[in-house]
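Chemist: Whenever a hint applies, use it, and build me the whole structure from the sequences.
Listed below, chain by chain, are the residues.
6 protein chains.
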Amino acid sequence: MWAYEKRLQYPINIRKKNLKMAKLLVTQYGGSNGELAAALRYLNQRYTMPDDKGRALLTDIGTEELAHVEMIGTMISQLMAGATIEEIKEAGLDSHYAEHKNALYPTDANGVPFTAAYFATTGDAIADLTEDIAAEQKARAVYENLINLTDDPDLLGPLLWLRQREIIHFNRFSELLDEYKRKGY
Amino acid sequence: MWAYEKRLQYPINIRKKNLKMAKLLVTQYGGSNGELAAALRYLNQRYTMPDDKGRALLTDIGTEELAHVEMIGTMISQLMAGATIEEIKEAGLDSHYAEHKNALYPTDANGVPFTAAYFATTGDAIADLTEDIAAEQKARAVYENLINLTDDPDLLGPLLWLRQREIIHFNRFSELLDEYKRKGY
Amino acid sequence: MWAYEKRLQYPINIRKKNLKMAKLLVTQYGGSNGELAAALRYLNQRYTMPDDKGRALLTDIGTEELAHVEMIGTMISQLMAGATIEEIKEAGLDSHYAEHKNALYPTDANGVPFTAAYFATTGDAIADLTEDIAAEQKARAVYENLINLTDDPDLLGPLLWLRQREIIHFNRFSELLDEYKRKGY
Amino acid sequence: MWAYEKRLQYPINIRKKNLKMAKLLVTQYGGSNGELAAALRYLNQRYTMPDDKGRALLTDIGTEELAHVEMIGTMISQLMAGATIEEIKEAGLDSHYAEHKNALYPTDANGVPFTAAYFATTGDAIADLTEDIAAEQKARAVYENLINLTDDPDLLGPLLWLRQREIIHFNRFSELLDEYKRKGY
Amino acid sequence: MWAYEKRLQYPINIRKKNLKMAKLLVTQYGGSNGELAAALRYLNQRYTMPDDKGRALLTDIGTEELAHVEMIGTMISQLMAGATIEEIKEAGLDSHYAEHKNALYPTDANGVPFTAAYFATTGDAIADLTEDIAAEQKARAVYENLINLTDDPDLLGPLLWLRQREIIHFNRFSELLDEYKRKGY
Amino acid sequence: MWAYEKRLQYPINIRKKNLKMAKLLVTQYGGSNGELAAALRYLNQRYTMPDDKGRALLTDIGTEELAHVEMIGTMISQLMAGATIEEIKEAGLDSHYAEHKNALYPTDANGVPFTAAYFATTGDAIADLTEDIAAEQKARAVYENLINLTDDPDLLGPLLWLRQREIIHFNRFSELLDEYKRKGY
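Residue numbers (this note's numbering), protein chains in the order written: chain A, 28 to 212; chain B, 28 to 212; chain C, 28 to 212; chain D, 28 to 212; chain E, 28 to 212; chain F, 28 to 212.
Derived from the structure by calculation, the hints contain no laboratory data. Don't take each hint at face value.
For chains that are exact copies, the list does not tell them apart, and a pair is met inside one copy or across any two.
[Claimed, not checked] In silico DSSO-like links for lysine-lysine, alpha-carbon gap of 27 Å or less:
(1) K33 / K43
(2) K44 / K80
(3) K128 / K43
(4) K210 / K80
(5) K80 / K128
(6) K128 / K208
(7) K44 / K33
(8) K33 / K128
(9) K33 / K210
(10) K128 / K210
(11) K128 / K44
(12) K116 / K47
(13) K116 / K128
Modeler: The structure is reproduced here in structure tokens:
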């Protein structure tokens, strides 16, 4: 089970409203390569890892990804804070507003609702860890795209940090995969 | 953010393999009225609750629902533990096995992958809390169906406990809804 | 069965083309909290209501929601009438045009096709009626968002009237729910 | 708008419980070639038919398809009436029961929720009517499959009648298509 | 099996960047009436055609549709070539960029991922061929919409050619349907 | 473009009807880790590979995966050939029969229609190739599950061969990934 700690894993403090970036950032919230997909991928796969080390690593990173979901959610919330109807219309966020007003909802950047079809669990530790490594690479690529789309330092800070975390996860999954291959799983 | 505690919210200790119940129980894992839908519903809606009390309640119950996801996952895992290929075939779990072996994957009882279309966020606290009350009622109804489908006491214990938790959540959401209506939100 | 009466439940007479509002209004046509979801929700649930009164109420309101689907469709049609290609492009309706020209198609405001995953039927009258109450609240919230997005009186008239109907349905479902709770269903 | 008449278009009176057929029949309720898809297809396309005759025909047949949805729903209801938990398990309807108890819900025969992706509207009368002709042929083929799957005369009666209706609709759409082609639409 | 020939079925040589058209053209790539849906429809249906002629025709046209998928993909690629971030933002392609950078991905024009729900296979040659005829009509209508949306001759050339191919396929399917009806399939 | 060669990449000659295996095998036809997903993944990603070698490899393997789709389709066809209605019912293939008779249709083993959400394209060669490596590992794992589910040598032959091809593809993608990393893409 989880205990909630009332703080973000990394501080978010966005001072400049930016509805267009809010619309794009949501891909890391509920999109195919986003943090929710990552969290659920690992928290599902952990049940069939072959040893405690694997189960612990997947639980650990899966739990961290939940914190990333929360960070992205906070970023989107702050980017939308205080927007007027006119600003919402201009930014093309009116279709979101019509349905969700200023609420969060896990979709990709086109508004397609999150689906578990974005990730796989195979019960095969080698296949699952390779999928995890790919997931971290894809998330890194998406963070790089988002970084290219903004020059707001308040946004760049957490995006760069999150991108870095994906690389660290990539490395940890790679190490475990190597170990499991050596062990013949 | 969340800290993982290596224990279940309520102990799960299923001694009797039961693949057919594993196949059905998954509806509370990744189905339309299941625990994952509940967790994501509340953890998304909390951002637009109008006061700290509301945000705290939704964070609190959302976090507990994550623990319920874990409990259901553990139950499914234990129900499938040690199954032979023949048993898997007989129970009609072979379509799951072909794709996921013995791994968990969030679907409904027919194998349809989880989708965020199962829940709504409106940015309107009254509408959201009414949706939450409905969600708890629907989850209660599904737990009652599952309870009707088994007589294994190891399974009935946690199912009855989870059903009870839904009623408690229903009451807490109802109280907050009444308060918000009085306050004119 | 149903007999078609060649008139709308409430008159629609929109004189000003407005492609952007057409794009948004479609959420009440085929979106998660829209009229089609409402109609199908009630017309499905009625089969398991415990008495004639419940079956009649759900049939009655379900049938009215079909008329609301028709009203929304007519509004969208009139908002798009006579649009030129240039206007369609400017309003961002070109993706709709590419696929559907000026035809209607039930999606949400982002163009995601309608899915039955938006509503639930549980066979439990208390859970179903609570879901219905939530549906009416969510539809009310969406109508309020749409009302905020326009100042065209030709549009505001029917939107305000439809919003009012949702409140009336909310009250009728609430009364039946109270009665059913008293009766111990 | 529509007025509900409290009678079925064709009498349904199924005396023999048959859960397996209930599970299959649902494809004509919420499946890709089913009656709901047909009703929504025509009721959406009618807005862009080029003349009153076309609009009237699509409204007329769309309205009749709603009555067919109701007939199929009634058939499924009667086929499931009075089933015990044991019978539900044996028939493989337990995954439906877990989620919906004995309620109706529009899916295909595998339990996949209805989606509007099953039908198209193009705003081109020739293309739409050709799609409608195809829809009627596909529905006919599905009715023939269902007829092959049962020998219960209470079921065969309405299935044969519904199949016949699809042929009549096919003919009416074909005639209109010929007329529209002659007229150069 | 298939052998790849390193040439397009019809030459594509688009000299003018046009991100908005790229966004729209994708409907013929992964949308409901698009070339991928067509290819998969025919390549699936061919297995149940009643004679060699039918199997050959469906294989033949299905294979050609794969070449059309490739043509459309090439067109989209060329339309996006060399786009700057600013141009991508202005054209509303930023949501695509965030997730896919400049890569291709089969969706409709709103970004909804391709689904097999767009096409049907019934195992009934008459129904399948009627569906195929409808598919060709719908694809023709979509090509006409796209042609209306551009005046770039580099784009109009292949679009007109592709539209023409759909008409030829329509005729070939119509002839086979007539033959099969005569033969009483 | 592609030229069709009227032969399978590997001979399929299944002499024993086996409807249950047909139902499971379909996961490699239209399931999340199946051959269609693989083919479309590579044929989409090739457009953004950084050099001719990469484009050629992805075209090459993507084309081979189309041949694997055809092999799997042929296997399913042969496994279902000559089945009676009674056999179809017993094998639980009646829900397929109701909708598709004996036709092929790309779904997973639970009947969920194929969706492009199963694969990703990122426009980042390193991320894409890592995704491809994961895809091959997952397909290998699924083939192993299928191999565990049968002892028919006519089926085991092609399944073992296909599994072997996935390993070869895994190796080729790994080599290219190493090269691209060295080159600093």
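Chemist: Hint by hint, note whether the structure agrees.
Modeler: Quick rundown of the hints versus the structure:
Proximity of K33 to K43 under the C-alpha cut-off of 27 Å is restricted to the intra-copy arrangement: shortest distance 24 Å within a copy versus 40 Å between copies. For the identical chains of this complex, K44 and K80 are inter-copy neighbours only, at 26 Å across copies versus 43 Å inside a copy, given an alpha-carbon limit of 27 Å. Taking identical chains as interchangeable, the C-alpha atoms of K128 and K43 lie at most 27 Å apart whether they share a chain (19 Å) or sit on different chains (25 Å). In this homomeric assembly, K210 and K80 come within 27 Å of each other (Cα to Cα) only inside a single copy, at 13 Å, whereas the closest approach across copies is 34 Å.
In this homomeric assembly, K80 and K128 come within 27 Å of each other (Cα to Cα) only across copies, at 21 Å, whereas the closest approach inside a single copy is 43 Å. Taking the shortest alpha-carbon separations for K128 and K208, only the inter-copy value of 19 Å comes in at or below 27 Å, while the best intra-copy value is 49 Å. For the identical chains of this complex, K44 and K33 are intra-copy neighbours only, at 24 Å inside a copy versus 40 Å across copies, given an alpha-carbon limit of 27 Å. Proximity of K33 to K128 under the C-alpha cut-off of 27 Å is restricted to the intra-copy arrangement: shortest distance 25 Å within a copy versus 35 Å between copies.
In this homomeric assembly, K33 and K210 come within 27 Å of each other (Cα to Cα) only across copies, at 26 Å, whereas the closest approach inside a single copy is 40 Å. For the homomeric pair K128 and K210, the shortest alpha-carbon distance between copies (20 Å) is at most 27 Å, but the shortest distance inside one copy (52 Å) is not. For a Cα distance limit of 27 Å, the shortest separation of K128 from K44 qualifies both inside one copy, at 16 Å, and across copies, at 24 Å. Within a single copy, K116 and K47 get their C-alpha atoms as close as 11 Å, and across copies as close as 9 Å, so both meet the 27 Å cut-off.
With identical chains, the CA atoms of K116 and K128 are at most 27 Å apart both within one copy (12 Å) and between copies (23 Å).
The structure agrees with every numbered hint stated previously.
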